[in-house]
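J.: Starting from the known structure of chain A, fit chain B onto it as the hints suggest.
Listed in order, the protein sequences are those of chains A and B.
Using the numbering used here, the first residue of the first sequence is number 1, and each one after it goes up by one.
Using the numbering used here, the first residue of the second sequence is number 1, and each one after it goes up by one.
It is possible that some hints are incorrect.
Which copy? The list can't say, so a pair holds if one copy fits it or any two copies do.
Think about it this way: if two alpha-carbon atoms lie no more than 25 Å apart in a straight line, the pair counts; the simulated SDA-like pairs of lysine to any residue are [what the hints assert, rightly or not]:
#	residue 1	residue 2
1	230	31
2	222	42
3	32	242
4	74	101
5	32	243
6	222	242
7	222	243
8	123	229
9	222	239
No wet-lab data here; the hints were simulated from the structure.
Number of protein chains: 2
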Amino acid sequence: MTYCVGLKLDRGLVFAADTRTNAGVDNVATFKKLHTWEKADDRVLVLMSAGNLAVTQAVVSLLSEHIVQAGDGKPTLMTVDTMFQAARLVGSAVREVHQIDGEALAASADSFMVTLILGGQIKGEAPRLFQIYAAGNFIEVSEDTPFLQIGEHKYGKPILDRVTRRDMRLGEAAKMVLLSFDSTLRSNLSVGMPIDLFLYNTDSFSSERQRRIEQDDPYFQKLSGAWSEKLRQAFADIEEFDV
Amino acid sequence: MTYCVGLKLDRGLVFAADTRTNAGVDNVATFKKLHTWEKADDRVLVLMSAGNLAVTQAVVSLLSEHIVQAGDGKPTLMTVDTMFQAARLVGSAVREVHQIDGEALAASADSFMVTLILGGQIKGEAPRLFQIYAAGNFIEVSEDTPFLQIGEHKYGKPILDRVTRRDMRLGEAAKMVLLSFDSTLRSNLSVGMPIDLFLYNTDSFSSERQRRIEQDDPYFQKLSGAWSEKLRQAFADIEEFDV
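Next up, chain A with everything else stripped away, as it sits in the complex:
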């Protein structure tokens, strides 16, 4: 399993992804699921993935390879003019992998599972955020629900539903996203630390606000402890039920 969250706020974008992959509970490993591409003062793109690891790695590798072989004039993530075109490229890469591996996967009773979150900014546009499906089609995030989740989304959704506001500061949103991970980590063993976190300020075209949050990260530990304590206190403060 996996848990990734992407937010599009007034001040920019927030991305967070766990790093656990597993083939059964007896085969657990750490893999990066948050990938970035950037060109100074022109674009920053972030792609997060959930699903079959072989499929998601193949998609990322294809996208990167296309950039290196860009000599043939085909559009790549580094040359497209809009985030919409970037999302179409990612969708095409998903379809290409499906063409290569889909039949064999189906034959071995494995499924072609992949869901991706793509976000970023290309000069001339505001930041945008997309979710791309296994069929290669995609949706863009709306004004009404400014976040996207892929993977194990249920445990961590209540706090996003209650707290998200488009005018949040990015640091405030990061705090909320880490609490959403905290709830998920407690309930689903197949989601695991460390967490890759990326904050993107609109028009910065910079990837410097990113960090890997390790198990023993002092901020995360303090956050997790304080939240538990405050929840218990909030619970105690509410009037008891009586039939």
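T.: Same frame as chain A, but now just chain B:
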């Protein structure tokens, strides 16, 4: 979908079940999913169900019919000596329904889905709580995890994980369970009000502490509002993240 929770605490048992059933989002209805049987000063049994409504109703009807036809000397929920035997009777009823309907359901691509929570107390024993599966087998709740959930369990699990203590008062536990429902109701449309709530005090052999919580219940509305407010306050009180 459905959401039901059962808790076994030092002071007794707590049961809560929603009442929404749906066959697609365009076909929604209200059905009771919390059923009780009692004999004064001897036993109180509570059964909650999730799954295919035709299957769960058939199980409950069979159990009730067996009680009425008890003349043939077969054990029923009203005559067994222990909750373990009661759980076996429920399991047998599930298998009986499977024998009657299982093949036809499979043939029409419907699945034989049913999960049940059975709890209560029979004189001579302490209160006990079981979860019964579609195969008719079952588990009993443990010291370590004193709650059981069936149906849409994920959204409402974080609060149970954080707050449950075996020495809670029943009214305190009811408050917690209603908050667990509040989170679930916000995130899954197929779980719906009213909620049937049943508090059982050990050795009371009484079913008087039960209530149906309607949409406009003043306590539930106050609880839901206060919890949202306190969560937002707790969130605001925690230090912001900075990369």
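J.: If a hint holds in the structure, say so; if it does not, say that too.
T.: Results for each hint:
no.	hint	in the structure
1	230 x 31	neither (33 Å within a copy, 37 Å between copies)
2	222 x 42	neither (37 Å within a copy, 50 Å between copies)
3	32 x 242	between (49 Å within a copy, 21 Å between copies)
4	74 x 101	within (23 Å within a copy, 58 Å between copies)
5	32 x 243	between (51 Å within a copy, 19 Å between copies)
6	222 x 242	between (35 Å within a copy, 14 Å between copies)
7	222 x 243	between (38 Å within a copy, 15 Å between copies)
8	123 x 229	neither (44 Å within a copy, 40 Å between copies)
9	222 x 239	between (28 Å within a copy, 9 Å between copies)
This entry does not satisfy hints 1, 2 and 8, going by the numbered hints stated previously.
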